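Novice: These are the residues of each chain, in order.
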Amino acid sequence: MIKTLAILVENRPGALARVSNVFARRGFNIESLAVGPTERPDVSRITLRVDCADASLEQIEKQVHKLVNVLRVTELEPGAAVQRELALVKVTAPPDRRPELMALADVFGARVADLGADAVVFEVVGTPDVLESFEELVRPHGIKELARTGQIGLPRASARRKARRQHVLR
Amino acid sequence: MRMLGSDAILRSLEAEGVEVAFGIPGGAILPTYDAIARGTTVRHVLARHEQGAGHMAEGYARASGKVGVALATSGPGATNLVTPIADAWMDSTPLVCITGQVRSSLIGTDAFQETDATGITLPIVKHSWLVQDVGELPGVMKAAFHVARTGRSGPVLVDVAKDVQEAELDFSYPDAVDLPGWRPPAKVHMRQIAAAADLVARAERPVLYVGGGVLNGDACDELREVAEVGRLPVVSTLMAKGAFPETHPLSYGPPGMHGSKWANWALNKADVLVAVGARFDDRVTGKLSAFAPDAKVIHLDADPAEIGKLRRADIPVVGPLKVALAALASEVGRLRASDGAGPVAWLAQLDAWREQFPYRYDPEGDYLKPQAVLESLRDLTAGRDDVVWTTGVGQHQMWAMQYLVCDRPRTFITSGGLGTMGYGLPAAVGAKAARPDATVVCVDGDGCFQMTCQELATSVLEGLPIVVVIVNNGWLGMVRQWQELFYDERFSQTHLTHQVPDYAQLAEAYGCAGFTVSDADELDDVLEQALACGRTAVVDARCDPEEKCFPMIPAGAAATEIVEFSQEAVEAR
Chain E
1 MIKTLAILVE NRPGALARVS NVFARRGFNI ESLAVGPTER PDVSRITLRV DCADASLEQI
61 EKQVHKLVNV LRVTELEPGA AVQRELALVK VTAPPDRRPE LMALADVFGA RVADLGADAV
121 VFEVVGTPDV LESFEELVRP HGIKELARTG QIGLPRASAR RKARRQHVLR
Chain A
171 MRMLGSDAIL RSLEAEGVEV AFGIPGGAIL PTYDAIARGT TVRHVLARHE QGAGHMAEGY
231 ARASGKVGVA LATSGPGATN LVTPIADAWM DSTPLVCITG QVRSSLIGTD AFQETDATGI
291 TLPIVKHSWL VQDVGELPGV MKAAFHVART GRSGPVLVDV AKDVQEAELD FSYPDAVDLP
351 GWRPPAKVHM RQIAAAADLV ARAERPVLYV GGGVLNGDAC DELREVAEVG RLPVVSTLMA
411 KGAFPETHPL SYGPPGMHGS KWANWALNKA DVLVAVGARF DDRVTGKLSA FAPDAKVIHL
471 DADPAEIGKL RRADIPVVGP LKVALAALAS EVGRLRASDG AGPVAWLAQL DAWREQFPYR
531 YDPEGDYLKP QAVLESLRDL TAGRDDVVWT TGVGQHQMWA MQYLVCDRPR TFITSGGLGT
591 MGYGLPAAVG AKAARPDATV VCVDGDGCFQ MTCQELATSV LEGLPIVVVI VNNGWLGMVR
651 QWQELFYDER FSQTHLTHQV PDYAQLAEAY GCAGFTVSDA DELDDVLEQA LACGRTAVVD
711 ARCDPEEKCF PMIPAGAAAT EIVEFSQEAV EAR
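From first to last, the protein sequence lines stand for chains E and A.
Take 1 as the starting number for the first sequence in the numbering used here and just add one per residue.
Take 171 as the starting number for the second sequence in the numbering used here and just add one per residue.
By construction, these hints were calculated from the structure, which means they are not laboratory data.
Please note: incorrect hints may appear among the correct ones.
[To be verified] If you only want the chain A side, here are some residues facing chain E, beta carbon under 7 Å, derived:
#	residue
1	His297
2	Pro355
3	Lys479
4	Ala483
5	Gly589
It should be emphasised that the depicted structure is a prediction, and the values quoted were computed from it without experimental measurement.
Virtual Cβ for every residue (Gly too), placed ideally from N, Cα, C.
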């Protein structure tokens, strides 16, 4: 089962390697990983999607939390978190196919990021499921290249935080 | 104060109260060794191999309860420390390793003697630092010692670029650490303690399953209090040998693959298991699903990640064991005051099993028996409170576990988790540095001895005399045992021979006293001489090459499938 973890780390060299090693040494494949700054310049946020069972996840959360550079580990549960990912998809688009592609893009709220003679680059934002649906639908037209940022997320503004998963950031 | 980075390293060690450091100089750590030459209160013990230095630091840490310190250069110096670091990681031994690194400008260029020391050790340290800015050095040193010794103790690495050691800084040692992400649990939930005490007091067949965490957590007195007020039997793992006095009537010895039948049965039949600083290692549990199948588990540990890792805990208690056990003792004591004598019938059952199934071997035969060597050492040191044992890894280690008697904490020092052959001799040198007044005896195997015997030079020249007793069966004995039992006696590449080297001559070449004994009648005399000679001594005890270590629970089997020594089987051969 795919789980999402939000990990706040001190912004220091090696912090990402230490976190990813906890998964690698247990043979877990990381589905996606996004790292970026937070509201604090000395803190980075790692959002990580991994395929593992509940019991394994709990063990891994504890192991990650033990790392000296890690400030907080939270599981982002669907429903209790806002989750987004951005994809750039370069699709073959000769002039006669463009209307159909544009209509499709419209349904997904995808924007045209760039347009060439025979291809268009769509920019689409959503949950990983939405991005996968979009990808499937444009695939028959011919995907030339595809890039995804990896999912990021935040607990919902309205959500009550679960005590077990909270480790207070000083 | 204005000083060089190299001097700052030494001043930091002094500020941490470090008395002894073990190491070997080399190119990238030269400035720090120059600082040693300029003067320090830290005694430097010059090892002959960085692995030796690392194991010495471990032996020092285990014997003293302090943080061990090892120094090495970059590249091969650092990689030679990898085994001791992994060993300290597995056994939670507090260790600060300081390695030189190539100059900052050369890092990442495959420079001479460059290795990515922090990268190589990443999975086996609590934390590591690559210091490229001299201003960070005091804070890093402070943090390194803090992380090594707090929470679940363990190894850390400080990798210092050569130019950082040569650069100047204004040194002042910080009073506090700045580690917002490192906050090991400091308190214990009293509600959990009350629930645990209630379960223990109501148990019919309780067992305290005690691991090395009790020693690391300095909680041996509190453990004894819990056992005594609750009348609870104590089963101590290899790593906890000596944490609870082995001559105490409530001590029921070691469990596990080569543990006693009674200890394994105690765990197997228990209805309440109180795991204390123990981690349900496969060498203890055997088949996990069949381990203590009827027991509710109370798990006390300093490390939250150990709870539920292998066995579900019905009542987890996270926090410092000293605090947790003191609280548990007081709660259990309060409950026992009203409910009386404790599990009397259960203790009688355990005593009966202990009577019925002692460790056994056949003392007859053409050869000296390895068990007889251990029995002789045990008897010659009986009642002494100044003996510290170390071991290598293998059959001799298991016999040492079975036959030696340790009544005091930190008197049995061994490589448990990693199973590092060659650990014993350098660990003994380190233990001797920690306890100069003690008689330090390394019970070693011939295979183990040959992996680190160069440290005899360190022992002799540094004035750290130890006694090494080689249980020499001429084979990689434990591997041979597995080949005999599980690989149809195909003895592939395990024969080392009794003849090469001549250990007594080798010892003499190093300036030690060398002894050889192969006759049971001479055994006591020779060991007595070695123990009393006051020099580093090596005893080559030439033992039966075919002797196997029993009892044995085959890997992956349940405690009930324990294989005992069989006189009939011996006679049938």
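Novice: Next, verify each hint and record whether it holds.
Specialist: Verification of the hints:
The beta carbon of His297(A) comes within 4 Å of a beta carbon in chain E, closer than 7 Å, and the hint placing it at the interface holds. The interface hint given for Pro355(A) is broken, as the beta carbon of that residue sits about 11 Å from the closest beta carbon of chain E, more than 7 Å. Interface hint status for Lys479(A): upheld, as the beta-carbon distance to the closest one in chain E is roughly 6 Å, under 7 Å. Because the closest C-beta pair between Ala483(A) and chain E is about 12 Å apart, greater than 7 Å, the hint is violated.
Because the beta carbon of Gly589(A) sits about 19 Å from the nearest beta carbon in chain E, more than 7 Å, this interface hint is broken.
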